[in-house]
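**Q** As given, the protein sequences belong to chains A and B, one line each in that order.
Sequential numbering of the first sequence, starting at 1, is according to this note's numbering.
Sequential numbering of the second sequence, starting at 1, is according to this note's numbering.
If you are wondering where the hints come from, they were derived from the structure by calculation, not from laboratory data.
Small disclaimer: the values here were computed from a predicted structure and weren't measured.
There's no promise every hint is true.
To be verified - Partial pick of chain A residues on the chain B-facing surface, computed with a CB cut under 10 Å:
| hint | residue |
| --- | --- |
| 1 | Leu10 |
| 2 | Leu16 |
| 3 | Ser95 |
| 4 | Leu97 |
| 5 | Leu142 |
| 6 | Ala184 |
| 7 | Ala220 |
| 8 | Gly222 |
| 9 | Leu223 |
| 10 | Val249 |
| 11 | Val257 |
| 12 | Val258 |
| 13 | Gln277 |
| 14 | Gln285 |
| 15 | Ala292 |
As the list claims (entries may be wrong) - Pair by pair, the computed Cβ-Cβ distance ranges are:
| hint | chain 1 | residue 1 | chain 2 | residue 2 | range |
| --- | --- | --- | --- | --- | --- |
| 16 | B | Leu43 | A | Arg231 | 42 to 50 Å |
| 17 | B | Arg162 | A | Ser72 | 49 to 57 Å |
| 18 | B | Glu191 | A | Asp131 | 36 to 44 Å |
| 19 | A | Thr230 | B | Ser114 | 28 to 36 Å |
| 20 | A | Arg28 | B | Ile66 | 52 to 60 Å |
| 21 | A | Arg235 | B | Pro213 | 50 to 58 Å |
Note that CB positions come from ideal geometry on N, CA and C, so glycine has one too.
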Amino acid sequence: MPRWVAIRILSTIPTLVGVAILVFLLVRFIPGTVVEQILGAQFDISQGQIDALRAYFGLDQPLYRQFWTWASGILQGDFGTSWRLGVSVRSLIWSRLPVTLELAFLSLIVALAIALPAGIISALRRGTAVDAGVRAVSLLGLSLPEFWLGTLFVLLSSRYFGWSPAARYVPFREDPVQNLASMAFPALTLGLVLAANLSRMTRSALLDVMSRDYIRTARAKGLSEHRVLTRHALRTAVIPIMTVVGLQVGYLLGGVVVIEQVFTIPGMGRLAVNAIQQRDYPLVQGVILVSALLFIFVNLVVDLLYAVLDPRARVR
Amino acid sequence: MDLTHTQSSEMSSGFSVRPRTRSRIARLSAWIRRNPLLFFGTLTLVILVFCAIFAPWIAPYDPLGIAPRDSLKPPSRAHWFGTDRYGRDVFSRVLYGSRNSLLVATTAVAISASVGGLLGLASGYFGGVLDLTIGRIMDIIFSFPALLLAIAIAAVLTPGSRNAIIAIAIVYIPLFSRIVRGPTIAEVSQEYVEAARVTGSGSGRILMRHVAPNVLSPWIVQVSVALSHALLLEAALGFLGLGVQPPAPSWGLMLNEASDFIDAAPWLSIFPGLAIVLAVLAFNLVGDGLRDTLDPVL
């Protein structure tokens with residue numbers, strides 16, 4: 001492994017530790033004691049029972065000891081047990097994660113399929129009606145709450161097409177066609193909103209590249225406009241676009257939470273919302289931690305790809 | 001002599017009132033033509049804020065007034081936006097909802113813009129361990145998907161508008177810290193900072209009087225972008241039941257309450273959603289317009 005790859009990977013460790021500490025502390029900020037939260041105030045329980053529960057959850061230990069127990073568990077793949085469901089948090093996340101990843105992946109494809117052509121055309125036809133149209137639509141798209149757009153899709157399709165996109169979710173392994181059909185509207189919703197942002201970034205990245213000297217040189221050499229674009233401009237523009245895509249994965253991982261809610265898809269987002277409503281804190285911690293890890297991982301990959309494409313980024 | 005001169009010039013200016021007014025209008029319309037985004041965005045915002053402030057005078061009904069007999073009525077002359085399940089007037093609730101939604105978003109951004117801005121200034125100016133520490137903490141906050149972090153914070157602190165404000169504010173602090181830090185580093189190496197230091201100005205004075213005004217424009221653009229994000233985030237929190245609590249209206253919460261009636265009473269979903277889109281679009285227009293004006297490079 002080249003040295004710069006190792007350095008980049010190692011440099012995420014402090015962030016990972018920080019993220020773990022933050023997720024751990026988050027739950028400790030709950031007002032009142034956790035035990036009261038679980039039992040609810042309506043029960044008449046003795047101090048002894050409270051103490052026993054506190055000991056059971058390890059809450060009688062000092063904070064650093066609690067963190068250590070929790071963190072070393074995670075390093076061994078043990079995310080704790082759901083308070084409400086009595087099942088291990090890991091198995092719950094494992095069963096929901098593929099659904100969310102599929103939704104996020106499909107949304108990203110939709111977004112790229114729309115945003116890249118739109119952004120490129122907009123940049124090449126700068127100042128024309130096409131450019132103005134793309135910019136206006138993407139500005140509108142940026143202003144849409146994704147869950148509202150999803151609601152509109154549900155409404156329109158059930159009213160005018162006579163079928164419900166919120167139909168029951170079918171796992172991919174059972175029936176791939178049905179699965180993709182049930183994912184179509186959710187992915188379209190998230191993809192459209194994401195495309196609004198990406199097309200703007202694509203446009204400005206390409207405009208930035210097109211104004212550089214080497215593009216003028218390429219043109220002066222007599223290259224066709226098509227060749228200038230594909231061989232010279234797009235290659236450079238890919239790098240900032242890729243960075244934005246990496247950052248937008250964070251948006252996707254948040255967006256799936258509300259979209260899964262709208263379309264009743266049993267992914268990690270619904271798991272998180274249910275966990276929050278039921279005050280199932282180990283599960284909340286697990287879901288948030290896994291999402292953050294995914295986000296960090298994607299950006300690490302983007303950074304490494306970045307360095308592969310642009311050797312200047314390797315020198316740190 | 002002087003007196004008469006002044007008088008005559010005033011006289012002549014008195015005569016030229018008409019052309020001057022026309023030129024003022026001409027200048028305004030020229031400015032609008034140059035900054036159409038900024039103009040329409042600001043105009044929309046002014047109208048929205050006006051509606052929010054004067055909601056008690058504009059709203060035809062009490063936003064909390066229950067009228068079981070009018071439950072789930074479609075839009076009509078009596079109820080422009082229809083009524084919800086309790087027979088409450090949706091138009092009045094959207095108007096009052098703008099108060100809560102705008103208040104949560106602007107307060108949150110005010111907090112994160114000032115805290116983040118100060119952190120960025122300190123980080124860029126002092127450098128060293130402080131810069132590293134702040135940078136690390138910002139990286140950590142930034143490592144969470146924004147909506148998920150906000151959900152987690154709002155949920156843990158117990159749902160409500162105050163905690164939604166805290167959650168949104170925390171999520172956006174790193175944006176401001178980062179956007180201020182870079183330009184601050186560039187400014188600190190300028191000669192005028194050295195000059196101010198030589199003349200005995202303290203760090204605080206140099207930062208606030210000399211450096212801050214010069215890193216203001218990216219910060220201002222970021223404020224308006226963050227406002228549009230914060231409104232969307234507030235709506236999402238409200239939609240998940242983690243923002244403003246019922247029976248008080250907020251746009252996101254109204255969409256949450258509407259989700260059981262998407263097909264039966266679509267007006268419950270449509271109008272609060274349109275209100276969100278309008279407000280977010282206005283902030284985005286202002287953001288884009290400001291960027292064009294303050295930062296022509298991009």
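**Q** All hints are to be evaluated individually against the structure, with a verdict given for each.
**A** For each hint, the structure was consulted:
no.: 1; hint: Leu10; result: violated (15 Å)
no.: 2; hint: Leu16; result: holds (8 Å)
no.: 3; hint: Ser95; result: violated (19 Å)
no.: 4; hint: Leu97; result: violated (14 Å)
no.: 5; hint: Leu142; result: holds (6 Å)
no.: 6; hint: Ala184; result: violated (18 Å)
no.: 7; hint: Ala220; result: violated (24 Å)
no.: 8; hint: Gly222; result: violated (30 Å)
no.: 9; hint: Leu223; result: violated (27 Å)
no.: 10; hint: Val249; result: holds (8 Å)
no.: 11; hint: Val257; result: holds (6 Å)
no.: 12; hint: Val258; result: holds (5 Å)
no.: 13; hint: Gln277; result: holds (8 Å)
no.: 14; hint: Gln285; result: holds (9 Å)
no.: 15; hint: Ala292; result: holds (5 Å)
no.: 16; hint: B/Leu43 to A/Arg231: 42 to 50 Å; result: holds (45 Å)
no.: 17; hint: B/Arg162 to A/Ser72: 49 to 57 Å; result: violated (36 Å)
no.: 18; hint: B/Glu191 to A/Asp131: 36 to 44 Å; result: holds (42 Å)
no.: 19; hint: A/Thr230 to B/Ser114: 28 to 36 Å; result: violated (46 Å)
no.: 20; hint: A/Arg28 to B/Ile66: 52 to 60 Å; result: violated (40 Å)
no.: 21; hint: A/Arg235 to B/Pro213: 50 to 58 Å; result: violated (40 Å)
Against the hints set out earlier in the document, violations occur for numbers 1, 3, 4, 6, 7, 8, 9, 17, 19, 20, 21.
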